[in-house]
Amino acid sequence: MKKLLFFILSIVLAFSFEMVNNKNYKCEAVSITIMDGNQTRNIPVTPKTKELIKKTLKMFYNIEAKRNNNTVNLTVGKINEDFNYFQKWKNYNQYINKDKSIIFMPDKDKNSTNVALIIPGEKLIIFYKCK
Numbered sequence: 058m059k060k061l062l063f064f065i066l067s068i069v070l071a072f073s074f075e076m077v078n079n080k081n082y083k084c085e086a087v088s089i090t091i092m093d094g095n096q097t098r099n100i101p102v103t104p105k106t107k108e109l110i111k112k113t114l115k116m117f118y119n120i121e122a123k124r125n126n127n128t129v130n131l132t133v134g135k136i137n138e139d140f141n142y143f144q145k146w147k148n149y150n151q152y153i154n155k156d157k158s159i160i161f162m163p164d165k166d167k168n169s170t171n172v173a174l175i176i177p178g179e180k181l182i183i184f185y186k187c188k
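Last residue of the sequence shown: number 188 in our numbering, and the count goes up by one each step with no gaps.
No wet-lab data here; the hints were simulated from the structure. Certain hints may be false.
Quick list of in silico lysine to aspartate or glutamate cross-link-like pairs, EDC-like style, CA-CA up to 20 Å [unchecked claim]: (1) K80 to D93; (2) K105 to E121; (3) K180 to D93; (4) K188 to E121; (5) K111 to D156; (6) K123 to E108; (7) K83 to D156; (8) K147 to E179.
Computed from a prediction, not measured in an experiment: that's the story for all the values here.
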C-alpha cells in the first residue's frame, strides 16, 4: 500500500507548479487517477472521455484557485474554501481544507501550470491544467 501511495504521489509531483500570490487561476481537469484495490487507473481527458469525466466529476471538473501567502483559496462550483498550508513533502507544498478531507498540491516549477487535487477518502486524484 505504501508503494502504491508513493507511486501516486510521484505522479502528482509531475503535475505541480508554483502559484503566484494573489493571482486567480482557472483550472480544468486533464486527468483523473483512481486507486482500485492494488491497482491504479489513470484516465486522461480526451475527446472520447471528456463528457463522461465531466458528468462524473460534476463541479470538480473546473475549479478556481488563488494563493495568499500560506493559504490557497479554492472555488469549486459555488463552494469557496481556504486551504491552509499543511506540510512540505519532498519540496512540494501541500495545502489542506479544514476537515482534512482534500489536499491541494501546487509547487515551485514556474514553467508548469498543473496542480493536483487529492481526495484520499474517495481514493481519487484529479489533475488540472491552470491558466
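Going down the list of hints, with the structure as the test:
The suggested pairing of K80 with D93 is violated, with an alpha-carbon distance near 36 Å, which exceeds 20 Å. For the given pair, K105 sits about 25 Å from E121 by alpha-carbon distance, which is inconsistent with the 20 Å threshold. As the CA atoms of K180 and D93 are separated by approximately 8 Å, the hinted pair is consistent with the 20 Å bound. A C-alpha spacing of about 10 Å is found between K188 and E121, which places the hinted pair at or below 20 Å, so the restraint holds.
A threshold of 20 Å between alpha carbons decides the hint, and for K111 with D156 the separation of about 25 Å lies outside it, so the pair is violated. With a C-alpha separation of about 27 Å, the suggested pair K123 and E108 falls outside the 20 Å cut-off, and the hint is violated. Proposed proximity of K83 and D156 is contradicted: the alpha carbons are some 24 Å apart, above 20 Å. With a C-alpha separation of about 24 Å, the suggested pairing of K147 with E179 is violated against the 20 Å cut-off.
Hints 1, 2, 5, 6, 7 and 8, counting from the list given before, are not met by this structure.
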